[in-house]
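Chemist: Each chain, letter by letter, is given below.
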Amino acid sequence: MPHTRYLVVGASHAGLEAVTAIRHWDAEGSLTVLSREAHRPYSPTILPYVVSGRSRPERVALKDAAWFEARKVDLRCGEEVVSIDTAGAVARTASGTEWRYERLLLATGAAPAVPPVPGLADVRFHVLRTLDDALALRDAGAGATTAVVLGAGLVGLHAAEVLAKAGARVAVVERQAHALPGYLDAPAAGIVEAAFRDRGIALMTGRTVSSVQSRDGRPVSVTLDDGGTLPADLLLVGTGVRPATGFLEGSGIAVGQGILVDDTMRTNIADVWAAGDVAQARAFFGAAPIVNGILPDAVEQGRIAGMAMAGDPALKPYIGGLPINTFPFFGRHAVSVGIAGEDDPSVEIHRRLDARAGLYSRLSLKDGRLIGVCTVGMPIDAGVMWQLISRRVDLAPVKQDFVVAPLDTGRALMSRLWR
Amino acid sequence: MPSYETIAFRAQDCDGCMKCVTACAQAKSGADDPAQSRIQILGAAGKWELALCRQCGDPKCVSNCPSAALAKDAETGVVAWDADRCVDCLLCTVGCAYAGITRDARVGHVSKCDLCDGDPACVKACDRGALTLNTAARIHRRAAEREDLFAPGLAACQGCNSELLIRHTLRHVGPNTVVATPPGCIPGMGTVGYNGRTGTKVPVFHPLLTNTASMLTGIKRYYKRVGRDDVQVLALAGDGGTSDAGFQSLSGAAERDEPMLYICVDNEGYMNTGMQASSATTYGSWTSTTPVGERLQGKSTEAKNLPVVMMTHNCSYVATAATAFLEDFYEKLDKAIEVSKTGMAYLHVFAPCPTGWRFGSDRTTDVCRLAVETNFFALWDYTPDAGLTFTRPTGRPRPVREYLAGIGKYRHLSEGQVAHIQATVERKIAHLRRFERTGA
Amino acid sequence: MADAAALLPNAPKTIVCDGNEAAAWGVVLSRPDVVAVYPITPQSSLVEYVSQFIADGTLDAELLNLEGEHSVLSALQGAALAGARTYTATCGPGLAFMFEPYVRTPGLRLPMVASLVTRDMLTPQCVWGGQQDAMTVRDCGWIHMYCETVQEVLDTTIMAYRIAEHRDVMLPVNVNHDGNYLSYGVARAEMPAQAAVDGFLGVKDVNWHAALDPLRPMAIDPLTGGAGGPGPSMFVRYRKGLCNGMRNALRVIEETHAEWGRLTGRHHAPLIEEYRLDDAEVALVTIGSMTGAAKDAVDALRSGGKRVGLIKVKTMRPFPVEAMARALSKVNAVAVVDRAVSYGWNAGPVYQETLGALYRARHMIPAVSVIGGLAGADITDGHFARCIGMAFAAAASGQAPDGPVWLNEND
Ligand SMILES: Cc1cc2nc3c(=O)[nH]c(=O)nc-3n(C[C@H](O)[C@H](O)[C@H](O)COP(=O)(O)OP(=O)(O)OC[C@H]3O[C@@H](n4cnc5c(N)ncnc54)[C@H](O)[C@@H]3O)c2cc1C
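Chains as they are written, first to last, in the working numbering: chain D, 18 to 436; chain X, 4 to 443; chain A, 44 to 454.
Derived from the structure by calculation, the hints contain no laboratory data. Backbone N, C-alpha and C define an ideal beta-carbon position, used for all residues, glycine too. Careful: at least some of the hints might be erroneous.
[What the hints assert, rightly or not] Each pair of labels, with its calculated beta carbon distance range:
| # | chain 1 | residue 1 | chain 2 | residue 2 | range |
| --- | --- | --- | --- | --- | --- |
| 1 | D | A305 | X | F438 | 30 to 40 Å |
| 2 | D | Q417 | X | F438 | 14 to 24 Å |
| 3 | X | T392 | D | D288 | 41 to 51 Å |
| 4 | X | G49 | D | L376 | 27 to 37 Å |
| 5 | D | E359 | X | R145 | 49 to 59 Å |
| 6 | D | R369 | X | G363 | 49 to 59 Å |
| 7 | X | A108 | D | E359 | 42 to 52 Å |
| 8 | X | G398 | D | P330 | 14 to 24 Å |
| 9 | X | T345 | A | A54 | 38 to 48 Å |
| 10 | X | A408 | D | M18 | 33 to 43 Å |
| 11 | D | G184 | X | K50 | 46 to 56 Å |
So here's chain D without its partners, still in its complex pose (with noise of 0.2 Å):
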């Protein structure tokens, strides 16, 4: 039975950066990383860019073999954790290999929701979330000329431009009210959608599918909720991500949404780790555990997690997971870091919209700290803010200048505190 320290399930964000650390602090213990994609680690959010051509999938890896050589780090491609042994510190592979474990990070991501919408189940559909998927996207759009996305948040956007730059007719179905949601308030939202349906694409908001219909396993149209139809020889499904535990059955790791881990990522099991899209942790804003499934936060968790697995001192506990987000549409970009706080009376808001010039921003600021920035087609440092809000910086001595100029203060800011 292979032996190993540290054992690392899922080689993207969290899984890579979990190496990283690890090796910061222990050079040597082996390291193992099992990987259940063929191809080489690659980013999920790289894939509308290999689905509309400007990205070639043999161009996508984040890490090449002599990274993990440089860091003897064993990486099994192709190795799909099925079940894990938690007493016996054993994780078994669909290969039948079993590998026994002195520290395990399960970073294993997430992976589509797919609703229960009747007819779905019988037809030939679309995900995005692995480099197969993107390459049968990238194939099938060519020859669509009708598409529905279900779903308008960061997959089915992304996805509705490409398609529509392919030229295909696109359509998304939004349950929520506008594009989305949770990441963008409404006046973004506003400019975002603008864009779309200035480019021809169908932005159904506040809708959902209740059926669809299909020809040979072929999707044929969808049938809304309002009783319209939309026709569509391609149907991507973009309704969110469910983390990826169901190995974990019977391991006796504590799942809610995701694997539920403490501010060191570490899970109900001792000797087990979970980060990225597949942990459930502390929430920067509010008392409940998230699944926050965002990149950044992959990033954040995979460190910590990794620091935590290798006893490294300087670790610093996570202090909760916040929206992030940075949405290029149409050569623009949206951005948006923390909450609007619409809904507490003691936020201070400060908006400023142009919805011609399609330029927004809005600042969120609760008892002199910042909460939330949002911003379309302006400049904004979503670092500096991610570290304004989350250090709690008082902002209430340079409020003024702040509100004029969230930009230049911020980085003034963050470079003193540098310093």
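Given the structure of chain D, go ahead and fit chains X and A with the ligand onto it with the hints provided.
Modeler: What follows is chains X and A with the ligand alone, placed relative to chain D:
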């Protein structure tokens, strides 16, 4: 790990002339448009700040990049950006706390400093010395190039940071100096020497435990009188000689703002003579005079908060430092040296004692770092004009328990005592915050 | 600032002043570089005078107003090690507080001058004259010279610098004058010309042996001693060196007083003064300002035909044992009047020294210990007449009373 070049910024030397910005814009876009510059100078006169890629050792922009367009070059240390792979998603900007990678709307993608192949245009354009091209190793080499004014072979305990501290201090202060080392570990390790031999290449003396600051007063005043104002007087004193018996003379010198550089090397007690408690000994500490037994559980009272006491005297400069953050220390030391030409500069440096505190001699720097990161020992500096400035963030401290955990003198602490210490740490930080300057 | 020289006498000048002011003028004429002050009764007016002289520009010196006597002497040690001629003054509790740097000064061989405006010691709490303070520190390695008159205070202050800075001495000097009696007692005094004093003191060089100066780097006061290596012999060398300095001081004090006499015409007894001693049967031994009244008593009894004389101790440290032995050899009994107590001997300190000198002289005569003038009490000529009576009685019986006679016991 190799050490790489980075561009260092000394805010106090920047006059906001923007020559660096123009030079960068020129070098990178052939235009003078400051928006095209990858270095930005922000703020206002007297408090210029910098937005520029720090070429981090552990770059988060790279970790956040889904397209492998960013990578840290192992050869040069430059965080390099590959236009061909970039998909313009801006996730890299989420990772950067310093606005070192930002989108340039004119070219339609992010841009960042690439150090101009090792010869940055901005550094060349800066005629004030505010920008310099540095490696960490070079900073240490620069210290090494200066003469070590202590003799080799000082006999400090294994793992003690005081020797490092005093050697580096004197390298910065230079030879035109008179050094006072009152009884304690520093003369104990042989700086003033034994039986007619000295451990120091500049004039050095043992004051009494009690009169360091007043002896230095007399020396400096006389040199001033005879036109040798450039003679620097320096105290390298322990916490006992500073905070206990030496406090009166220190207080008098501070009150008069006597030109001197006074460095208190705080190991929280009389470690040289067998670990007796001083007023700087922290609550709960085991020492040989605050022992642990059935009735006593270490020191039952708080430490005197001397740096704060000094801040409320008339000193021209007061700062705290810890050797886990050497560059922070250097910066304060340089400031202090400058200030001490005309007024009193007081540096309070944290000196964990492996021998007396009972921890492994390889852990001193960790203990320093943890003390800072838990806010047990906050890093700040103070001038009467600018008020107090924290030089390391205090907003997200680690629990003080993590600091206490590895230190033998705290081994006996009860949960209640730990909670008490945590509460004290928080109270002290809150108190310090009140001295922060308002209005940035 | 006024030209300092213009304010100083370029020819001898007569003033009327108290002992504190006289000391201050002595300081002015000695031109110290650094003066550190902290007030204490009955010294206060002395440092007020000096401070005012500096404020006026009469004395061009760095004035340090420090937070206590401990720092006062410490700062002056620093200044002296840097090359400064220094001055301060203190007494009583201030001297006690100064004790830690005080005991260290002689070992550093710093030629400092400090006035002790002597005051009785606590407790009982008191603020009046007495010599308990100075006597208590007589064995610390400082030179101690006690003055009798306002003039002697002025003159001795100046001479003290020459003695202290003499290369064969290099020791600190306390110039002591009695609190109340001399500090506030007004008399006429002659001031020498500044140029004469400048010539008398010569070129200042106080740190040729031990300096804190980057131009001559050295370690001051490394740890010395211990049981092994060069430690023991080195430590003894330092101690003996100090003793040698003390011994040399006896000669230098005499030479200095002689030179001063040539310069000013004022001849003060350098070590001890013998007064009407040559054919005396008994003698009083006195110290400090009490001597005036004692001499009056001697004169009165002499006019009555009694053969009595007086020995005044000026230099208490180094103790002039040979001179004292010679003087004592001339009489058959002495009464030694102290303004201080040696608790363990149940006698006065000068009395003890006298016993030592008698032993050195192999002259075993009865000696009476008298203690008077404590805490500002007056010692009158009547008191001294009593003392002389006791001396005659002792000479006759060959016996001195057991234990001291307390002069003011019934006052
Ligand atoms: C189209 C798209 C666009 C996106 N855009 C953004 C965006 O703009 N901003 C943003 O912040 N986030 C975006 N995201 C989300 C982001 O990609 C994820 O948050 C991030 O990749 C999470 O990283 P992770 O390492 O936790 O999980 P993943 O990236 O999901 O990686 C998990 C890995 O584990 C492997 N794995 C799963 N189960 C097993 C098993 N049992 N055994 C072995 N291996 C297994 C998987 O194959 C996968 O490689 C996007 C996602 C998609 C799909």
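Chemist: Please go over all the hints and tell whether each is borne out by the structure.
Modeler: The hints, checked one at a time:
Distance hint for A305 (chain D) and F438 (chain X): a CB-CB separation of about 38 Å, consistent with the stated range 30 to 40 Å. The given range of 14 to 24 Å is respected by Q417 (chain D) and F438 (chain X), whose C-beta atoms sit roughly 23 Å from each other. At roughly 43 Å, the beta carbons of T392 (chain X) and D288 (chain D) sit within the given window of 41 to 51 Å. For G49 (chain X) and L376 (chain D), the Cβ-Cβ distance of about 33 Å falls inside the hinted range of 27 to 37 Å, so the restraint holds.
Take E359 (chain D) and R145 (chain X): their Cβ atoms lie about 53 Å apart, and the range 49 to 59 Å holds. The supplied range of 49 to 59 Å is met by R369 (chain D) and G363 (chain X), whose beta-carbon atoms lie about 56 Å from each other. Between A108 (chain X) and E359 (chain D), the C-beta spacing of about 29 Å breaks the proposed range 42 to 52 Å. Range check, G398 (chain X) to P330 (chain D): about 20 Å between beta-carbon atoms, so the 14 to 24 Å window is met.
A beta carbon spacing of about 43 Å between T345 (chain X) and A54 (chain A) agrees with the range 38 to 48 Å that was offered as a hint. Between A408 (chain X) and M18 (chain D) the C-beta distance comes to about 35 Å, which sits within the given range of 33 to 43 Å. Here the CB-CB span from G184 (chain D) to K50 (chain X) is close to 55 Å, well matched to the stated 46 to 56 Å.
Violation of the numbered hints given earlier is confined to hint 7; every other hint is satisfied by the structure.
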